[in-house]
Amino acid sequence: MPKPRADSYGSARKLFLVPNYVFPPGVGDEAETMLQRYWSEVRDAVGNLERTLGQVNHVFHEMLFEEGDAAIPLIETMNPMGCGFIQALASSDANLVATEDGEMVNEHTDWQRILSMGPSSEKVMTMAMEGFQSTLQARYSKIAERIQETLGEGEVGVLFVREDHRVQFAADIQVFYVAPPALDALKRWIDNQVRAMQAAQMAADPDIPFSADDPADEAPDEESAAGDEQSEGG
Numbered sequence: 001m002p003k004p005r006a007d008s009y010g011s012a013r014k015l016f017l018v019p020n021y022v023f024p025p026g027v028g029d030e031a032e033t034m035l036q037r038y039w040s041e042v043r044d045a046v047g048n049l050e051r052t053l054g055q056v057n058h059v060f061h062e063m064l065f066e067e068g069d070a071a072i073p074l075i076e077t078m079n080p081m082g083c084g085f086i087q088a089l090a091s092s093d094a095n096l097v098a099t100e101d102g103e104m105v106n107e108h109t110d111w112q113r114i115l116s117m118g119p120s121s122e123k124v125m126t127m128a129m130e131g132f133q134s135t136l137q138a139r140y141s142k143i144a145e146r147i148q149e150t151l152g153e154g155e156v157g158v159l160f161v162r163e164d165h166r167v168q169f170a171a172d173i174q175v176f177y178v179a180p181p182a183l184d185a186l187k188r189w190i191d192n193q194v195r196a197m198q199a200a201q202m203a204a205d206p207d208i209p210f211s212a213d214d215p216a217d218e219a220p221d222e223e224s225a226a227g228d229e230q231s232e233g234g
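The working numbering applies: residue 1 is where the sequence shown begins, and numbers increase by one.
In short, the hints are calculated from the structure, not lab data. Be a bit skeptical, because a hint or two may be false.
Unchecked claim - FRET-style restraints, in silico, Cβ to Cβ:
id : residue 1 : residue 2 : range
1  : E163      : I72       : 23 to 31 Å
2  : T52       : I72       : 22 to 30 Å
3  : T126      : S11       : 44 to 52 Å
4  : A88       : G28       : 20 to 28 Å
5  : M117      : G10       : 46 to 54 Å
6  : A200      : F23       : 16 to 24 Å
7  : R113      : A12       : 35 to 43 Å
8  : A200      : A88       : 37 to 45 Å
9  : T52       : A138      : 31 to 39 Å
10 : I72       : E149      : 18 to 26 Å
11 : F23       : A199      : 17 to 25 Å
12 : P80       : E163      : 15 to 23 Å
13 : G118      : A88       : 39 to 47 Å
14 : M81       : M197      : 16 to 24 Å
As the list claims (entries may be wrong) - For lysine to aspartate or glutamate, the following DMTMM-like pairs were computed, each having C-alpha atoms within a straight-line distance of at most 20 Å:
id : residue 1 : residue 2
15 : K142      : D164
16 : K142      : E103
17 : K142      : E67
18 : K142      : D101
19 : K142      : E163
20 : K187      : E41
21 : K142      : E107
22 : K142      : E62
23 : K123      : D110
24 : K187      : E32
25 : K187      : D29
26 : K142      : D110
The beta-carbon is built from N, C-alpha and C at its ideal position, and this holds for glycine as well.
From just these sequences and the hints, can you work out the full model?
Following this line, the structure appears as structure tokens:
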């Protein structure tokens, strides 16, 4: 795909959309190596976009409810592999934005924790799923609201958010999807791990149905709107 031209966007608001991938501790050397490669290529891709479209002014990150220096410890905890790059953006005068509401993030996390325990009560499961879905949608709405009120005319922002997000961006925001080559390799590796987990569980107990979809990862079936979204592969 041709590189974007700065004169094509003028004073438009621009947003670099970075799929946020984080692995839990202890996943193994192969996973860590792949994740390191991914974030290295993200850094290069965003750098290329900055050289063409302008320096990042605002950094948005899912589940981030602090800003400035207070945001760094949260990012170190939530996204240890990407934190170095995000700190580098902040060191270059980008503003770390409190992207979400802390109370809503905590409520959503509580519902997710309940779902992960697998409630035996159908009533509790239904209540937890409804709470999870409603807080998830509220979080996405808050992210969109913060971007809308923060990103000014001609400014550049970057959003780190899970790839299956449902954030609705304003029509006048030009969105550039950051998809370096390492992203495909990372997604293939995750798919292979899910299949291996499924095969292992089926072998252990063939009578238990298994779904690769975690109910805690479900989100409303709603298309994500992004004004004139383009892809940047670095």
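Results of checking the hints against the structure:
Look at E163 against I72: about 24 Å separates their beta carbons, and that is inside 23 to 31 Å. In this structure, T52 and I72 meet the distance hint of 22 to 30 Å, their C-beta atoms being roughly 28 Å apart. Between T126 and S11 the C-beta distance comes to about 48 Å, which sits within the given range of 44 to 52 Å. Range check, A88 to G28: Cβ separation about 27 Å, and the 20 to 28 Å hint holds.
In this structure, M117 and G10 meet the distance hint of 46 to 54 Å, their C-beta atoms being roughly 52 Å apart. A hinted range of 16 to 24 Å for the beta carbons of A200 and F23 is consistent with their spacing of about 19 Å. The supplied range of 35 to 43 Å is met by R113 and A12, whose beta-carbon atoms lie about 41 Å from each other. In this structure, A200 and A88 meet the distance hint of 37 to 45 Å, their C-beta atoms being roughly 40 Å apart.
Taken as a hint, the range 31 to 39 Å holds for the pair T52 and A138, whose Cβ atoms sit roughly 35 Å apart. As the Cβ distance of I72 to E149 is approximately 23 Å, the hint placing it in 18 to 26 Å holds. The hinted range of 17 to 25 Å is satisfied by F23 and A199, whose Cβ atoms lie roughly 21 Å apart. Hint check: P80 to E163, Cβ distance near 19 Å, so the stated range 15 to 23 Å holds.
In this structure, G118 and A88 meet the distance hint of 39 to 47 Å, their C-beta atoms being roughly 41 Å apart. The beta-carbon spacing between M81 and M197, approximately 22 Å, falls within the hinted interval of 16 to 24 Å. Taken as a hint, the K142 and D164 pair is honoured in the structure, with Cα atoms around 16 Å apart against an allowance of 20 Å. With a C-alpha separation of about 12 Å, the suggested pairing of K142 with E103 holds against the 20 Å cut-off.
Distance hint between K142 and E67 is fulfilled; the C-alpha atoms sit about 15 Å from each other, no more than 20 Å. Simply put, K142 and D101 have alpha-carbon atoms about 7 Å apart, close enough for the 20 Å limit, and the pair holds. Pair hint K142 plus E163 holds up; C-alpha atoms about 17 Å apart against a cutoff of 20 Å. Using a Cα cut-off of 20 Å, the hinted pair K187 and E41 holds, with the two alpha carbons roughly 15 Å apart.
Annotation: proposed proximity of K142 to E107 holds, straight-line Cα distance about 14 Å (limit 20 Å). A threshold of 20 Å between alpha carbons decides the hint, and for K142 with E62 the separation of about 10 Å falls inside it, so the pair holds. Using a Cα cut-off of 20 Å, the hinted pair K123 and D110 holds, with the two alpha carbons roughly 17 Å apart. Pair hint K187 plus E32 holds up; C-alpha atoms about 14 Å apart against a cutoff of 20 Å.
For the suggested pair K187 and D29, the alpha carbons sit about 16 Å apart, so the restraint of at most 20 Å is met. For a cut-off of 20 Å, the pair hint linking K142 to D110 stands: about 18 Å separates their Cα positions.
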